[in-house]
Structures are given as C-alpha cells and as structure tokens.
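J.: Listed here are the chains, written in short residue letters.
4 protein chains.
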Amino acid sequence: MKTGFIGLGNLGIVIAENLLAAQQPLYVYNRTAAKAQGLIAQGAIVCTSVQELAAQCDVVFSIVSDDAALNHITQGPDGIAAHLKPGGIHIAMSTILPDTAIALEALHRQHGSIYLAAPLMARPEAARARKINFLVSGNQEAIQQVRPLLEQAGAAGIWEFGDTAGAANVAKLSSNYLILTAMEALAEGINLARRSGIDADLWMKMLTSTIFNAPVYASYSQLILKEAFQPAGFSLKLGLKDMNLVLQQAANVQAVMPVGTQVQQLLQESVAGGLGDHDVTAVARTIGALS
Amino acid sequence: MKTGFIGLGNLGIVIAENLLAAQQPLYVYNRTAAKAQGLIAQGAIVCTSVQELAAQCDVVFSIVSDDAALNHITQGPDGIAAHLKPGGIHIAMSTILPDTAIALEALHRQHGSIYLAAPLMARPEAARARKINFLVSGNQEAIQQVRPLLEQAGAAGIWEFGDTAGAANVAKLSSNYLILTAMEALAEGINLARRSGIDADLWMKMLTSTIFNAPVYASYSQLILKEAFQPAGFSLKLGLKDMNLVLQQAANVQAVMPVGTQVQQLLQESVAGGLGDHDVTAVARTIGALS
Amino acid sequence: MKTGFIGLGNLGIVIAENLLAAQQPLYVYNRTAAKAQGLIAQGAIVCTSVQELAAQCDVVFSIVSDDAALNHITQGPDGIAAHLKPGGIHIAMSTILPDTAIALEALHRQHGSIYLAAPLMARPEAARARKINFLVSGNQEAIQQVRPLLEQAGAAGIWEFGDTAGAANVAKLSSNYLILTAMEALAEGINLARRSGIDADLWMKMLTSTIFNAPVYASYSQLILKEAFQPAGFSLKLGLKDMNLVLQQAANVQAVMPVGTQVQQLLQESVAGGLGDHDVTAVARTIGALS
Amino acid sequence: MKTGFIGLGNLGIVIAENLLAAQQPLYVYNRTAAKAQGLIAQGAIVCTSVQELAAQCDVVFSIVSDDAALNHITQGPDGIAAHLKPGGIHIAMSTILPDTAIALEALHRQHGSIYLAAPLMARPEAARARKINFLVSGNQEAIQQVRPLLEQAGAAGIWEFGDTAGAANVAKLSSNYLILTAMEALAEGINLARRSGIDADLWMKMLTSTIFNAPVYASYSQLILKEAFQPAGFSLKLGLKDMNLVLQQAANVQAVMPVGTQVQQLLQESVAGGLGDHDVTAVARTIGALS
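Protein chains in written order, with the working numbering: chain D, 1 to 291; chain B, 1 to 291; chain V, 1 to 291; chain F, 1 to 291.
Next comes chain D alone, as it looks inside the complex (with noise of 0.2 Å):
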C-alpha cells in the first residue's frame, strides 16, 4: 500500500519519523515545504501539492491543525477526496468536530473512498516512544486494513469506537475535556495551598503517589508548581480551541457542563491576557496562583 502523509507539525513529523522506520515508502506533503525536505533523508517522497501526493496512494494519514484546515485540504477540486483513489482511506488524526468528520466521510463515501477518524492521544515525546493511543472511528473493514499501519506509526493501543466517523472525535473531544479540567483543578488547589501557607510540592507529591497517581496529574502538577510555561507542550490557545470545540459540541447535544464553560473561560481570560503561546498551565497565572 502506497502510503501518503500531510501535516508535519510537532505531533505529525514524530509520526511521519515513526512510519518511515517502518520502511514504508513515504509520500509527504506540508504547506511550508521546508519541514518536509527534512524528511527526504529518511526516505520521504515530497509532494508539491495535496493533489499529488492523494492522486498516488492508498491510504493518507492527515493531521492538521483544525476544523477549517481538515476542511480545506480534503474538500474542494484540489483536495483529498477529488484525487484519492476509488478504495483509498484517509486516516484523519486531528481534534475536530463530530459534526466535520460526518461530513467528510459522506463526502469520502460520494467520491468512493473512505474516511476513518483517527484522532489520537499522545505528546510528541510520548509519539516518539511509540505510546501513541488512537481512538478510531468509521468504516469496520478499513479499521482492520489500516492497524498494522497505525501500529507502524506508533500506537500502543487502538480503541475503537464503532462505525460513525465522528464517534472517535467524541471520544477525544471528551478526554481533552477531562485533561483541562484535571489542569485547572490542580491550580486552583494549587492556588489554595500555597496561599494557605503549606508545602504545596509534598501535598502533590501525597496525591500523586497515592489515589491521584496518574499521568495526567503528575505532569500537570510539576508544570504548575514549577511555572514551567515555556516552551508550550501543549500551547493556551490551543487548549482553547479544543475547550470551544467541547462545548460547541455540547450545545449540540444539549449537554450541561458547568465546569467546561468555567475552564473555557479562564483559557479565553488568558489569552487575552497574552498567554496564548504558554503552555495551557499557565492559566495558574491567570488565577493568581502564588510561588
């Protein structure tokens, strides 16, 4: 299977690295073109345009940086779905919105190819250690094609989520909700004991040693704790982004979320305060916590 990629930001080129480890052929394709000249001595095959690279592939993974550019680069007559080949499957990795990934998929299924939501869990460094957890969603059949190929890329596990492309974004959608949430919970009680004047650190270090000890929890805490804001590992202003996605998609489903609009807030409040390219902890700051 000829194999295409296009999306070569921090999370995309570890994954790139890792399929073309595989000894794949690689087709790759970027906007700015320069990203993907780095990846010609690992056996990459630069594309000039979307179009090239869809028009000679069997599958192509995407992971690009929204709904508008997922959008741009599968519709219209120089996108994904125009060129791909009948059979062909476009994995799509990015945080989107159910309701994108439905259309897409029809859109996929008029022009007789395939579109699988693939969206993915993973930092760049948990990527590289190949402990990528995706979340798939879509056609059952192409699902089965495409796992040796998602294993090449990195997954330590693939869950999947039934046959509606935008089930998988669900599931995403709901585990960054849980992650921003858990973020801003560690500041403000982080916030809360260093005001009261107790050892924040061994306070965290109790929890995430005991009913707390998760990922999740350990990493936040030590970003909050030690004002590790720069460079963003995952940036305010995407936080944001993904929290709007939250609950737009909740106000579809006319879901309540209480907590979500109060977070999303506090993201807004930051970035407009000029922490958008911080990491997403630095809403500590936002609230006041004291150091």
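Because the hints were derived from the structure by calculation, they are not lab data. In this text, all values refer to a predicted model and were calculated from it rather than measured experimentally. Hints are all accurate, no fakes.
One copy or two, either will do: identical chains are not told apart, so a pair holds if it fits within one copy or between any two.
DSSO-like cross-link-like pairs, simulated, lysine-lysine; straight-line CA separation at most 27 Å:
#, residue 1, residue 2
1, Lys2, Lys131
2, Lys205, Lys241
3, Lys205, Lys131
Let chain D serve as the given structure and place chains B, V and F on it in line with the hints.
T.: Chains B, V and F only, in chain D's frame:
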C-alpha cells in the same frame, strides 16, 4: 500509653477496630452509646462521657462530623482540653477548617496538652485494609511519639505537613477539592459522551487504563456509569459540607476558585433536589447525565 | 418607493401591519403562505417567492429567525441580493452575528445594492404601540433615506451605530445579553427571598419603584413571581439562541463573560429539561425557585 | 424620646446630621472619637462608650461595618443590650446576616428591650438628599413608634417586611445581590461592545433611556465607561463582603445562585488583585474591559 477514641461513625469504627486489633486497651466514647457497646467484645472499655474518657487517657483520637462537633467535644468545662492530663495528646482526624484547628491547638496549649491535626484519606473499606494516608501537623515531638499508634490505626502513609496544626487540614481540604472536581468533571464528560452517542464505558476504560489510571477516576467513573448512587460511600451532603469549607478557606486567603464555586453550586442544587443522602456522584443526575 | 416585507412571525406581522397602516403598497412574502394571505385585506400584495418580491421592490425589510434563515433568503440565485435592483436597500431586522451582517453587506455591494442592519428592541405588544427602538448601521445615505420608512414601521427611536453593518448587531446582542442576565438575576434573587421566607412581591415592588424602576425589571419580575411561563413572550429556546450568539461573538473578540456563560448554561439546562417553548423566565423553575 | 447614634462612617455621619437637623438632641458614639467631635457644633452630645450612650437613650440607631462589629457593640457586659432601658429600641441599620439579626433580637428580648432591623438603600449623597429607603422588620408596635424618627433620619420610603427581625436583612441582601449582578453584567456588556468596536457610550445611552432607564444602570454604566473607580462610592471589598453574606444566606436556605457565585469570584479576584479600595465597578478592569 492509655488510648481513647471518640466518634464511631462509618470510618471511626473501622479505625477503632484497627487499634483494638493491635492489642491496645482502648477507651471509647460515642454520642450514640449503642455503637460503643458493640466494641466491648473486642476489648473496648466504654466511657459514658467525653470527660470520663479524657481524664484517664494519655492519647485521645477523635473523629466527629464537623467543626461544631469537634469544638463541642474539645471546648468547655466538659471537654477534652479541660480533662486531658498535662502532656496528653489529642489526635483530631476530622475534616475541618484550618482556623478551627489553630484555635483548638491554642486551647490545648493553655491546658498544657497537645493538639495534633491528623485528617486522613480513606474510604471505610480502604481503612479496613489498613490503607489509610494520614496528613499530620502540629507539635513535632508529639508526632514522632504517636507514629506507632497511627500505624496501628491503619496507616499506609503518614505525611507530615509541619508544626502548625492547621497545615494538615489545608492539605486535606485541598485534596477533597481535587476529588470533588474530578468527580464532577467525570459526570460532565460522561454526559457529553453519552448524549453524543458513543460507548461511554469503553471511553472510560480507555482513559482509566492510560493517562487517568488513578483510583479516583476508576472508582468514580464506575459509580457514575452504573448509577450506583445508593448506598452512599461519600454522601452528597458531606461533599457539600467539605466544599463549603474549601470555599470558606479560599475566601480567607483570597484564592479564586472558579471551578470550585461551580461544583459547590451543583452539590447545593443536588442537596436541595433531595439527593443529600445519595452518593456524591449523584450530581450526574442533577446535570441530566443520561443512561 | 416600492416596499417589500419578508418574514411574518410574531413580530414581523405587527411591523408589516404598521407599514400597511401608513398607506404603503406593501409586497409581502412568508415561507408559510397562509400568514401572508391574512394581510391582503389590509392592502398587501402577496408574492410567491423571495425572488419575485425582491425583483419589484426598492426597499426590502426582512425579519427571519436566525443567521441561517437570513443567509437563505439573501444568498444564492434565488436570493434578495441577486434580484434587488441596483441601489435597492435591504433592511435586515433579525438578531444575528455581526460577521453574518458583514458578509451579507459585502454580497449586496457586489450586486450594487445596499444592506442595512436594523435589529430592533420591542416585544410584539410594544411594536403594535409603535414603541420600537431600531438600532441601525451601514451605508449612511441609505439610512437617512429609510428613516421615514422606519417611522412608519413603528419606530419610537432610531439609534445610529455607524457605517459598518455589523455594528448595530453588536449593540443588539449586547442588549439581549443584559436583558437575559437581568432576568436570571431576578430569578436567583426571588428564589433567595422566597426560600428565606420574606414577601418577595413586596421586595420587588420596593425595588422596581426605586433603584430598579425599569421596564425590564418590572416585566420580568412579574412573570417570575406569577410563574406566567406560558404562552411565551420570549421563548427559552430563542433566549438560548441569542445567548449562544453573544458567546460566539465574545469568543471572536476575546471578551471573557463569566456571567454570560453561566446564564447560557442555565438556559441550555432548561431547554434540555423540556422548557424550550416556555417563556425565558422559566429558568426560575430550573434553579428551583419556590412559589 | 432621647435618641442615640452609634457609627459615624460615610453613611452614618450623613444620617446623624439629618437627625440633628430635625432638632433632636442626639447622643453620639464612634470608635474613632474625632468623627463624633465634629458633630458637637450641630448639637451632638458625645459619649465615650457604648454603655454610656445606651444607658441614657430610649432609642439607639446603629450603623457599623459588619456582623462582628454589630455583635461587639450589642453583646456582652458593655453592650447596648445590657444597658438600654426596658422598652428601649435598638434600630440596627447595618447590612448583616438574617441569623445575626435573629440572635440579637432574642438577646434584646431577654433584656426587655427591642431590636429592629432597619437596613437601608442609599449612597451617601442620596442620604443627604433625604432619599433613603428603609427596609424594616421586627416588633410591629416599635416600628410604628420609630417611623417619625426614620423620617427625620432621611427616609423617602419605609418598607415593612413583617415581625421577624431577619426579614428586612434578607430583603437588603437580596437587593445588594441584584445591584452587584447588574453591575457585573454592565461590565461584561460594555467589554463586549467595546471589543467589538461599537460606540459603547451610545449603546448605554440607548438602553438607559429605554428599557433599562433605572438609577442602578445609569450610575454604574457611567462609572464603568468613565473608569471612575476612585474615590469609591461603594468599595470593592464591601461589595465582596456583601456578596459573601448573600452566598452564606443562600447556603443556609439551599438556594442555588450560579450567577451570584460567579460575581463573588470576580469580586474576590479583584480584591486579591489589589482593587479592594476601588469602586466596585473596578471589576471591569479585572475582566479586561478595554477603554
């Protein structure tokens, strides 16, 4: 050292039994006498008043429902402080305001005895399995003196937060804050997932076996998914009481807690709606989480 | 000037009748034809399509339910923009996003016609009493040209917000934001007063005859106190739609609106709870206001 | 009737002067004696203690900063209750918790005197113009007896809330709740309008001359638009104090107040940010309202 124990609620009785198992002579008192009677067979000596118990013990454990109850058994002519012998130690395990602890520490000091704050983390079943984490603070010498007793009481961990009685209470309140917000975030996330039509059980399985693999998330998600709101492990009205203490402490130290206030409102709405005796996870019902 | 009118909902029909009373020949169109028929006796000429109406008018008023409906009647080969004569004026009275107005203004300009934003403040009974406040923005010359028409439509006040179409829409959304928050604040205040056992009617009488002697407070407090939630003067689902527009605009310009998000959640919870067709004041029921 | 007056803060001094203008002999006491001295020229008789004042008066007005201060001057061997003659009346004008009023009413009853709750609505300049609205509750006969005095004190309106002392305090807290939420809503609305690029002054002029033509909206909108945050008419820290009382009362009666909690958080964030002595409208700065 003669040891006393006041407060035989759900958790208190388990800790008292742990102590009795260690061959301690144990003097016990409970407002409702019947519960104390049940411990006679295990070697308890039942006292008919706080005063009687305090007068003959070197160390007194207490675990009562709230600040008012602790003040009631500690202050006044019939209280622990007035009757505990010089050098005696009061180990107060209740979840209370730091300011209450500070005031009671001062009161004991006036009487020549010692007050230690020792709130704990453990549901009854964990306490029975001797997996209690004690958060302690106060007189350093006294803490070293009572460590063996805490181990007999079921300590898996003893975390020392310094020489101010209130410090351990801050750590405890901050911990309960994190627990309650994690719980509400789970309820909102599960609601979003379900209303969006995905398999919420699978989604939670994915998260609790990866980045959220912590006991808090594992246990609360199961309670919400199964709607196992009765009998209550941690009742909604107690959750509300704790969150009110958190926000009172936050107001004292001018810590903003936007998510905390949101969770407090939901707990209050739930109690007003008649769910006070249900498990705290029943807030899921208040926000309309479908099943 | 030949004048057209599209959209005969609760408010539209009153404004159309105001115009007819001023001896205008008035071309009318409504998706549901029956409502238009009822105006024939008053001198209306019924058109069978938007295209037919637009083609023969110099000025077209429109008042439809939302952004999508306004886009639908304005864009495309059958829309107002394609058929209104050069120099013709489209007076759009719907409550919509500023960005929608800006896009439609540009579309009209391409076709040589003019788009004016003219959202309005008035419940149907006030419109009938000719007490409408129009908020207008767009082409300055056109605004002066249509002022007499707005007066015939029932204007008590015409407020000009400048030459950008979106400006009047911002003013309208910001106004609805204030109305909806005042309403929710009243519900919470009345709830507090009642649960605390005082005479809430007297309390409101005191306030609305002193520092809160404004129509918004007078009318909404009565609706809440009397639980007059049906029929709806301003339905909960429309209130939710408006608040969602407010927050979408707030996100666009990075304005934090903590109270706004709170009210949006309560409206959403109320709609999810089946109160969508009740008056917006029925949020009082959602928060448990006793009577 | 010999009349006393305790508490010569910004508002107290104006009311005392109103009383003095009515030819009353007026016994005055203030913790900081200098303020009392200033009234001698107008006919005041300065007392050096609460006890001294209470012992020689038939009626004592008090207006002190909070619940603790009112308890301090009323309770104990030196307090008003212990020294006011049988049948004497204590008119307590402070904004306090209903429960505090209920307790003090009982205390006075034990001593054979009468406690009336008489919180008031008026900024100092309005008090000087004799436009005070008194909210009163308690012993009905006593209320009728003191009405002439309240008029001399500057009453434009006297609103009777029944025979329980706490009732008037509920009405007062509920009123301040409405004021503070209206204020925050204005700040958010003005922020949205400005960031969206419209003329916020014109927008507010439109609203305050139509559906929001009430003093609260007129005055607060001007303070926010002009950023006239100093000197404070109603300081942020007092606003926070009042909102904390509101939420304490809400917790007591299980009233959910989602908007109230949000405003409380913003006030708290503002005080933590150093704005405690600014006008309460300075929350506009906290939410980033541009000018």
